[in-house]
Amino acid sequence: MGSWTSTAQRNLANRKEDFEDGDLDRNADYLYAARDTTEALTYLQMGAGHHPTVKDEIDRLAGEAAEVLSRMSTWETMEDDETIPEDAKADLKEVIDEALELSMDYRSSDFQLESIRH
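Each residue of the sequence shown is one higher than the one before, counting from 1 in UniProt numbering.
These aren't lab readings, by the way, just hints derived from the structure by calculation.
Hints may contain errors.
For lysine-lysine, the following DSBU-like pairs were computed, each having C-alpha atoms within a straight-line distance of at most 35 Å [to be verified]:
#, residue 1, residue 2
1, K16, K55
2, K89, K55
3, K16, K89
4, K93, K16
5, K93, K55
Source: prediction; values computed, not measured.
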């Protein structure tokens with residue numbers, strides 16, 4: 001998947017680090033992390049087009065990321081400054097972890113596309 005994958009991995013690794021370091025304090029921080037995750041998954045989608053099974057998995061994760069972003073960007077969180085629900089934060093972290101793991105597996109020298117197909 002080349003440079004698209006590298007860009008996506010950097011973005012995902014940065015967001016994972018933000019979670020681990022506790023750098024996401026404000027609602028806006030989580031919204032930006034969700035946006036960055038969605039963008040990273042878009043890069044992975046472009047790079048995986050020639051591997052339908054891998055792309056299907058990336059498409060699933062992209063759908064989950066979009067759904068999480070939608071849950072985070074409600075009227076209450078955007079206008080009333082209510083805290084983003086903890087389950088949405090946890091779901092975003094899970095999407096980031098899964099996407100990063102999938103992209104790393106895809107780039108590894110011993111990657112076996114057939115193992116994902118079965």
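Hint-by-hint comparison with the structure:
no.	hint	verdict
1	K16 with K55	holds (22 Å)
2	K89 with K55	holds (24 Å)
3	K16 with K89	holds (12 Å)
4	K93 with K16	holds (7 Å)
5	K93 with K55	holds (20 Å)
The structure shown violates none of the earlier numbered hints.
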